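Asker: The residues making up each chain are set out below.
Number of protein chains: 2
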Amino acid sequence: MARFEIYVTYRKGIFDPPGATAERALQNLGYAEVEQVKIGKYIQLEVADGTPEARVREMCDRLLANPVIEDYRIETAGEA
Amino acid sequence: MARFEIYVTYRKGIFDPPGATAERALQNLGYAEVEQVKIGKYIQLEVADGTPEARVREMCDRLLANPVIEDYRIETAGEA
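Heads up: the sequence lines are chains A and B, in that order.
Numbering-wise, the first sequence is residues 1 to 80 according to this note's numbering.
Numbering-wise, the second sequence is residues 1 to 80 according to this note's numbering.
Some hints here could point you the wrong way.
[Claimed, not checked] A short list of chain A residues far from chain B (calculated; beta carbon distances all over 12 Å):
1) Leu29
2) Tyr42
3) Pro67
4) Val68
[Stated by the list, open to error] Lysine-lysine pairs mimicking BS3-like chemistry, simulated, CA-CA at most 25 Å apart:
5) A:Lys12 <-> A:Lys38
6) B:Lys12 <-> A:Lys12
7) B:Lys41 <-> A:Lys12
8) B:Lys41 <-> B:Lys12
9) B:Lys12 <-> B:Lys38
10) B:Lys41 <-> A:Lys38
11) B:Lys38 <-> A:Lys41
12) B:Lys38 <-> A:Lys38
13) A:Lys12 <-> A:Lys41
14) A:Lys41 <-> B:Lys41
Quick caveat, the hints were computed from the structure, so don't treat them as lab data.
Source: prediction; values computed, not measured.
Note that CB positions come from ideal geometry on N, CA and C, so glycine has one too.
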């Protein structure tokens, strides 16, 4: 089978609630060196051999990411 | 500032509800080539220059990941 890794992040300018919460929580715990935390999704996808990246992109647009508020990056992780 | 990227995934054998849901949903949408979907977290952390990775590991153990059910991997993403 083929493996893809997908990194979903909030688009520039879109508020990132989990990231903002973690950022404040870390600072409250005493980690004053923390400047920014962003939390997105890390998706590991296993598909049948020969599945083209365009097909994975379609899955992202339709279901795995929300193109209105999120960006994503697809990486080929090779055969498994 | 220094940047780290953290990849949080469910530990082997721990049920991954968002991954299982996305897997079934994609198959229902007609993506029969989908074999497995795992959904974890992709954290981008910006900290003050000189922050050692051990300190980031401590933040993961205390707040960013749940060591009971999750594994994580830290990568240095360089200066920003």
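Asker: Evaluate each hint against the coordinates.
Answerer: Results of checking the hints against the structure:
{"no.": "1", "hint": "Leu29", "in the structure": "7 Å, violated"}
{"no.": "2", "hint": "Tyr42", "in the structure": "4 Å, violated"}
{"no.": "3", "hint": "Pro67", "in the structure": "16 Å, holds"}
{"no.": "4", "hint": "Val68", "in the structure": "18 Å, holds"}
{"no.": "5", "hint": "A:Lys12 <-> A:Lys38", "in the structure": "11 Å, holds"}
{"no.": "6", "hint": "B:Lys12 <-> A:Lys12", "in the structure": "33 Å, violated"}
{"no.": "7", "hint": "B:Lys41 <-> A:Lys12", "in the structure": "18 Å, holds"}
{"no.": "8", "hint": "B:Lys41 <-> B:Lys12", "in the structure": "15 Å, holds"}
{"no.": "9", "hint": "B:Lys12 <-> B:Lys38", "in the structure": "11 Å, holds"}
{"no.": "10", "hint": "B:Lys41 <-> A:Lys38", "in the structure": "10 Å, holds"}
{"no.": "11", "hint": "B:Lys38 <-> A:Lys41", "in the structure": "10 Å, holds"}
{"no.": "12", "hint": "B:Lys38 <-> A:Lys38", "in the structure": "20 Å, holds"}
{"no.": "13", "hint": "A:Lys12 <-> A:Lys41", "in the structure": "15 Å, holds"}
{"no.": "14", "hint": "A:Lys41 <-> B:Lys41", "in the structure": "4 Å, holds"}
Hint check: violations occur at hints 1, 2, 6; the rest are consistent with the structure.
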